[in-house]
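Using the sequences provided together with the hints, build the complete structure.
Protein chains: 2
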Amino acid sequence: MARIGCPYGTHRVMEPQGVLPQPAWKIDNTMEIYDNELLIEVDTLNIDAASFTQIKKAVENDSGAMERMMLDIVEKRGKHHNPITGSGGMLMGTVSRIGPAWTGQLPVKVGDRIATLVSLSLTPLKIRKIKKIHVEKEQVEVDAQAILFSSGIYAVLPLDMSPSLALAVLDVAGAPAQTAHLVRPGQNVLIIGGGGKSGMLCLYEAKKRAGVTGKVIGLGSGKGSCDRMRQLGYADEVLQVDATDPLQVMKAVSKVTNGQMVDVTINCVNIPNTEMASIMATKDKGTVYFFSMATSFTGAALGAEGIGKDVTMLVGNGYCRNHAIVALETLRESPILWKIFHDLYA
Amino acid sequence: MARIGCPYGTHRVMEPQGVLPQPAWKIDNTMEIYDNELLIEVDTLNIDAASFTQIKKAVENDSGAMERMMLDIVEKRGKHHNPITGSGGMLMGTVSRIGPAWTGQLPVKVGDRIATLVSLSLTPLKIRKIKKIHVEKEQVEVDAQAILFSSGIYAVLPLDMSPSLALAVLDVAGAPAQTAHLVRPGQNVLIIGGGGKSGMLCLYEAKKRAGVTGKVIGLGSGKGSCDRMRQLGYADEVLQVDATDPLQVMKAVSKVTNGQMVDVTINCVNIPNTEMASIMATKDKGTVYFFSMATSFTGAALGAEGIGKDVTMLVGNGYCRNHAIVALETLRESPILWKIFHDLYA
Numbered sequence: 001m002a003r004i005g006c007p008y009g010t011h012r013v014m015e016p017q018g019v020l021p022q023p024a025w026k027i028d029n030t031m032e033i034y035d036n037e038l039l040i041e042v043d044t045l046n047i048d049a050a051s052f053t054q055i056k057k058a059v060e061n062d063s064g065a066m067e068r069m070m071l072d073i074v075e076k077r078g079k080h081h082n083p084i085t086g087s088g089g090m091l092m093g094t095v096s097r098i099g100p101a102w103t104g105q106l107p108v109k110v111g112d113r114i115a116t117l118v119s120l121s122l123t124p125l126k127i128r129k130i131k132k133i134h135v136e137k138e139q140v141e142v143d144a145q146a147i148l149f150s151s152g153i154y155a156v157l158p159l160d161m162s163p164s165l166a167l168a169v170l171d172v173a174g175a176p177a178q179t180a181h182l183v184r185p186g187q188n189v190l191i192i193g194g195g196g197k198s199g200m201l202c203l204y205e206a207k208k209r210a211g212v213t214g215k216v217i218g219l220g221s222g223k224g225s226c227d228r229m230r231q232l233g234y235a236d237e238v239l240q241v242d243a244t245d246p247l248q249v250m251k252a253v254s255k256v257t258n259g260q261m262v263d264v265t266i267n268c269v270n271i272p273n274t275e276m277a278s279i280m281a282t283k284d285k286g287t288v289y290f291f292s293m294a295t296s297f298t299g300a301a302l303g304a305e306g307i308g309k310d311v312t313m314l315v316g317n318g319y320c321r322n323h324a325i326v327a328l329e330t331l332r333e334s335p336i337l338w339k340i341f342h343d344l345y346a
Numbered sequence: 001m002a003r004i005g006c007p008y009g010t011h012r013v014m015e016p017q018g019v020l021p022q023p024a025w026k027i028d029n030t031m032e033i034y035d036n037e038l039l040i041e042v043d044t045l046n047i048d049a050a051s052f053t054q055i056k057k058a059v060e061n062d063s064g065a066m067e068r069m070m071l072d073i074v075e076k077r078g079k080h081h082n083p084i085t086g087s088g089g090m091l092m093g094t095v096s097r098i099g100p101a102w103t104g105q106l107p108v109k110v111g112d113r114i115a116t117l118v119s120l121s122l123t124p125l126k127i128r129k130i131k132k133i134h135v136e137k138e139q140v141e142v143d144a145q146a147i148l149f150s151s152g153i154y155a156v157l158p159l160d161m162s163p164s165l166a167l168a169v170l171d172v173a174g175a176p177a178q179t180a181h182l183v184r185p186g187q188n189v190l191i192i193g194g195g196g197k198s199g200m201l202c203l204y205e206a207k208k209r210a211g212v213t214g215k216v217i218g219l220g221s222g223k224g225s226c227d228r229m230r231q232l233g234y235a236d237e238v239l240q241v242d243a244t245d246p247l248q249v250m251k252a253v254s255k256v257t258n259g260q261m262v263d264v265t266i267n268c269v270n271i272p273n274t275e276m277a278s279i280m281a282t283k284d285k286g287t288v289y290f291f292s293m294a295t296s297f298t299g300a301a302l303g304a305e306g307i308g309k310d311v312t313m314l315v316g317n318g319y320c321r322n323h324a325i326v327a328l329e330t331l332r333e334s335p336i337l338w339k340i341f342h343d344l345y346a
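So the sequence lines, in the order shown, correspond to chains B and U. First residue of the first sequence? That's 1 in this note's numbering, and the numbers climb one at a time after it. First residue of the second sequence? That's 1 in this note's numbering, and the numbers climb one at a time after it.
Note that these hints are calculated values from the structure, not bench results. Accuracy of the hints is not assured; some may be wrong.
In this list, chains with the same sequence are indistinguishable; a pair is considered to hold if it fits within one copy or across any two.
Computed list of lysine-lysine pairs in PhoX-like fashion (alpha-carbon distance at most 25 Å, straight line) [as the list claims (entries may be wrong)]:
id	residue 1	residue 2
1	K339	K56
2	K197	K208
3	K26	K251
4	K285	K208
5	K131	K56
6	K56	K132
7	K129	K57
What follows is the structure in structure tokens.
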């Protein structure tokens with residue numbers, strides 16, 4: 001008999017009732033799929049950095065105890081949802097069954113190696129065995145199974161790059177895809193944190209879209225980050241300025257744009273208190289895209305109001321349609337981006 | 001000799017050096033204006049609710065002690081910037097001098113009665129005397145002076161409504177102005193918190209823009225809020241649902257839109273954990289406008305990613321060009337809106 005679940009997975013929520021799987025304390029991790037679910041034979045868990053660090057510290061680096069702690073979390077909650085940090089991670093594995101009513105967003109078939117791009121904090125998981133914990137990579141080799149709901153996002157791992165290289169790109173895939181949507185030919189564009197992982201992909205997309213008549217400005221606080229942007233070659237200007245200092249950022253951006261400022265600012269830097277610099281570097285009626293998870297909502301909202309600045313401010317959505325395809329292709333299009341990513345993350 | 005200050009007021013920052021006036025601990029409140037500043041004879045301070053409550057509780061409702069505490073804050077910081085809550089408020093007064101290099105955003109002349117729409121937490125203020133504290137209105141009658149920077153936003157108080165009615169509207173002026181920008185004819189629009197102060201103004205603007213072919217849905221959790229929306233008459237559908245329950249909101253919105261969901265969601269409800277309901281009520285490729293200051297940035301960003309939803313999410317900017325004019329006109333256009341606002345806030 002057909003069993004069709006909710007595309008958001010509410011049919012597996014055990015307690016409390018009536019919530020979504022992510023906020024739920026416990027979900028059903030029975031590995032018998034509903035007709036609109038997908039079953040994965042999992043080989044690798046990528047534990048979220050905050051969660052991994054918490055587990056490691058709690059047991060003072062004892063790998064046997066780390067293993068027991070991870071198994072215990074999944075046993076109690078039906079998912080690897082760290083109760084202290086509230087965070088999850090992602091997984092890699094091979095598709096082993098696809099329900100007949102599956103409505104996932106990308107073509108996928110049994111035998112494909114995929115990475116899930118939704119959090120482990122909402123993914124039904126059953127671990128048969130932990131084989132090895134790779135502390136330096138924050139990865140866990142497992143013999144496990146997991147369920148993906150129809151709304152869950154995923155990417156088929158490409159055959160032309162290593163899983164760790166692909167994962168590094170997929171982790172920030174939303175940023176370059178959104179940059180592609182926002183930037184128009186001839187615009188001035190500022191990428192704050194342009195030497196970081198998402199920042200480099202955004203620099204490439206911004207220059208591709210703004211074109212020869214546009215001006216792409218990369219901003220970083222450290223010398224290493226600025227050197228990387230220069231090596232990459234997609235920024236027309238590289239500015240070494242502290243992004244938490246709005247007045248210095250405004251002055252530096254004003255100088256390289258002859259006082260025009262920028263049409264689009266993309267904030268990719270994962271440190272707090274950079275909202276004001278983003279707002280002040282942007283023209284009136286311009287757009288600020290906050291991709292950084294360190295963004296404060298009130299900092300942005302009240303900051304713009306406080307200086308009477310009419311800018312459109314966007315919350316970075318980690319997902320946009322086909323973002324994985326766009327982000328992976330970026331690396332294939334640019335040999336220098338491939339090389340730098342390969343050296344740093346492969 | 002001409003003294004031209006920075007339009008953002010950095011020339012008045014005393015400590016620490018090199019920051020903007022809002023984050024500064026202390027600013028210069030000398031009431032001699034720079035050539036691009038404006039001087040106000042202040043009669044009323046509207047203290048921010050969080051700040052007022054903190055002061056009241058700290059001295060157990062003793063009005064003499066409240067007075068001393070307020071004078072002490074301004075004496076120490078040069079502005080009414082509550083060191084505990086970090087918040088300010090706004091003020092009303094009469095323009096008494098305008099520097100020759102003033103470049104403010106709206107026409108203003110000496111003798112105009114204005115309300116500042118920037119926070120007291122960045123406004124140079126000198127209180128000569130506190131005349132009376134109106135506890136129930138969280139207002140303070142004062143004999144004081146204040147400085148407005150060229151970037152500071154303000155509104156000339158209209159002659160056809162009482163100051164308290166005008167202030168109630170100006171306080172949330174960004175929301176209806178943004179609604180006017182976002183909503184197009186024929187769209188489905190959801191206003192979460194449509195029975196509240198900003199929500200009612202948004203309902204009016206949304207119906208005006210969506211027109212007869214559009215559908216405007218007002219959502220509130222309480223009966224009072226829903227009754228108010230029905231009395232107002234601008235919502236095509238009124239839903240009494242708890243906005244912190246995303247599944248119930250999704251079901252209710254799906255029902256009244258025949259499963260289409262909405263093109264634009266405007267979140268005006270000042271309670272936490274309503275991001276997910278906003279996202280799930282919205283179509284793929286639709287827009288969510290978060291005007292609520294209770295919005296969590298990560299709640300919105302990770303929430304949309306977690307369910308693979310490609311929606312544009314906007315941070316509510318308290319300011320957009322001419323927002324005060326738009327919001328005040330709203331009341332004049334709608335007699336029923338005027339009546340309800342008058343009963344509640346005048």
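Comparing the hints with the structure gives:
Within a single copy, K339 and K56 get their C-alpha atoms no closer than 32 Å, and across copies no closer than 61 Å, so neither meets the 25 Å cut-off. Taking the closest pair of Cα atoms, K197 and K208 come within 25 Å of each other only inside a single copy of the chain (18 Å); across copies the shortest separation is 45 Å, beyond that limit. Taking identical chains as interchangeable, the C-alpha atoms of K26 and K251 lie at most 25 Å apart only when they sit on different chains, with a minimum of 23 Å there against 51 Å within one chain. Taking CA atoms no more than 25 Å apart as the test, K285 paired with K208 passes in both settings, with 23 Å inside one copy and 23 Å between copies.
Taking the closest pair of Cα atoms, K131 and K56 come within 25 Å of each other only inside a single copy of the chain (17 Å); across copies the shortest separation is 60 Å, beyond that limit. Taking the shortest alpha-carbon separations for K56 and K132, only the intra-copy value of 14 Å comes in at or below 25 Å, while the best inter-copy value is 58 Å. Taking identical chains as interchangeable, the C-alpha atoms of K129 and K57 lie at most 25 Å apart only when both belong to the same chain, with a minimum of 22 Å there against 56 Å between chains.
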